[in-house]
Amino acid sequence: MSVNWKAFVDQVSHYQSFILVSHIRPDCDALGSELGMAEVLRAIGKDVRIINAHRTPPALSFLDPAGKIDVLGDSVEAADVTADCIMILDTSAWAQLGDMGDVIRQSRADKMVLDHHVGEDDLGATMYKDYQAEATGQLVIQAADAFGVPITRTMAVPVFAAIATDTGWFRFPSVTPETYRTIARLLEAGVVPSEVYGDLYERDTIGRLKLRGLILSRTTAEMDGTLVYTHVNKEDFDACGAEASDTEDAINLTLSVRGTQAAVIFVGQLRGGFKLSFRSRCGMDCNEIARQFGGGGHKAAAGAFLEGTLGEVQERVLPVVREKLAQALGNVN
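Numbering (the working numbering), first residue to last: 183 to 515.
Please note that the accuracy of each hint is not assured.
[What the hints assert, rightly or not] 25 Å max Cα-Cα, derived DSS-like pairs, lysine-lysine: (1) Lys-293 with Lys-250; (2) Lys-481 with Lys-506; (3) Lys-506 with Lys-457; (4) Lys-311 with Lys-481.
[Said to hold, decoys possible] Derived Cβ-Cβ restraints for the label pairs, each shown as a range: (5) Ser-257 with Glu-489: 21 to 31 Å; (6) Ala-403 with Glu-370: 37 to 47 Å; (7) Glu-384 with Asp-304: 19 to 29 Å; (8) Arg-504 with Phe-329: 31 to 41 Å; (9) Cys-464 with Met-309: 22 to 32 Å; (10) Cys-464 with Ser-195: 18 to 28 Å; (11) Ala-403 with Asp-256: 39 to 49 Å; (12) Ile-388 with Asp-192: 43 to 53 Å.
Simulated from the structure, these hints should not be mistaken for laboratory data. No experiment lies behind these values; they were computed from the predicted model shown. Glycine included, each C-beta is placed from N, C-alpha and C at the ideal position.
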C-alpha cells in the first residue's frame, strides 16, 4: 500500500492551520516526522503547531533545539488545541495517542494520518499509509517532493534521525536502495551523520547507563537461547536516576546474544501496568502478537500495554511468544 500523494496534496490545500500529533513516549521517528512535516507545511504557507501528550525525552531534545514542540497539560491546554486539520504521524492507534486521543475525539477539525505501521484503528481520519516504508520520516520526504518543497537542513536533521533509528542505522531488512538515495539527499542538505549519532548515543547519563546494566542483568534466555526477555520496574527509574525514555533501544541489546531470534522487554509504567516491546529476527510476527494485547507495529518490531503486575503480565504474554516463535522456527506443526 503506497500513499496517494495527489490526494494528500489536494486535502492539505483545503486547510490553513494544522496541529501535528504523534504517539506517546515519542521516539526519533515520531519527533523527526513531526518536525520535518512542520517545515514542509510552513514552506507552503500553512500555520503549524506540534502538540504531543508526552514531553520530548531529554536525550532527544537536540532534535528540537528551538523548543517548537508543545506538550498537552504543560505548555498548552486541551481547549487551545484548535486548527482546521489535525495530522497524526507515525501511529494509527488510539492507545498510542494518550491524552491527545481524547482531544482528537472531541475536536471538530478534519483528521489525517501519515504512517507506515500495519495495524490501525478507526481514528475518523483519512489514512495515508505505506506499510513498506522504513520510517514515517521517509514519507515526510516524499511529501516534500509532492509539494515541490526543497529539503533544508532544519528539515533534514530530524528526518535523518527518524530514518536512521527506525532502520537500526540501516541494518534492518526494511532498508532499500531508495533509503540510501533519500539519505544522500539529507546529507546534501547538511546532515552530518557522526553528529547525529553522537547526540543520540554518546551523551548518556550515569542513570541511563545504570538502567541499561540493570536491564541486561535481568535477561533470561529460553528455548535454547532463541528467546530472551527482561524487565524494568517503575521503581528502577528513581533508583538508577534514570528517565523513562532511557529504556529506548534497550531491547535491541538483548538481540546481540548469539542465537537469539526473538526478544521481549517489560517496562513498568509510572501509572501502573507494563509497556511491552517485541523484536524478531525470524518469521515470528511481532505485530500479530502485539495486536492480541491491544497494540501493534511491524512484523519485526511492535509494542503494546497491559495492566497488571509483572508476574501477571508475563504469564499472559510469554506463552503466546513461545508458541509463535516455535511455529516460526518450525518446531511445531
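Checked against the structure, which of the hints given earlier come out wrong?
Hints 7, 8, 10 not satisfied by this model.
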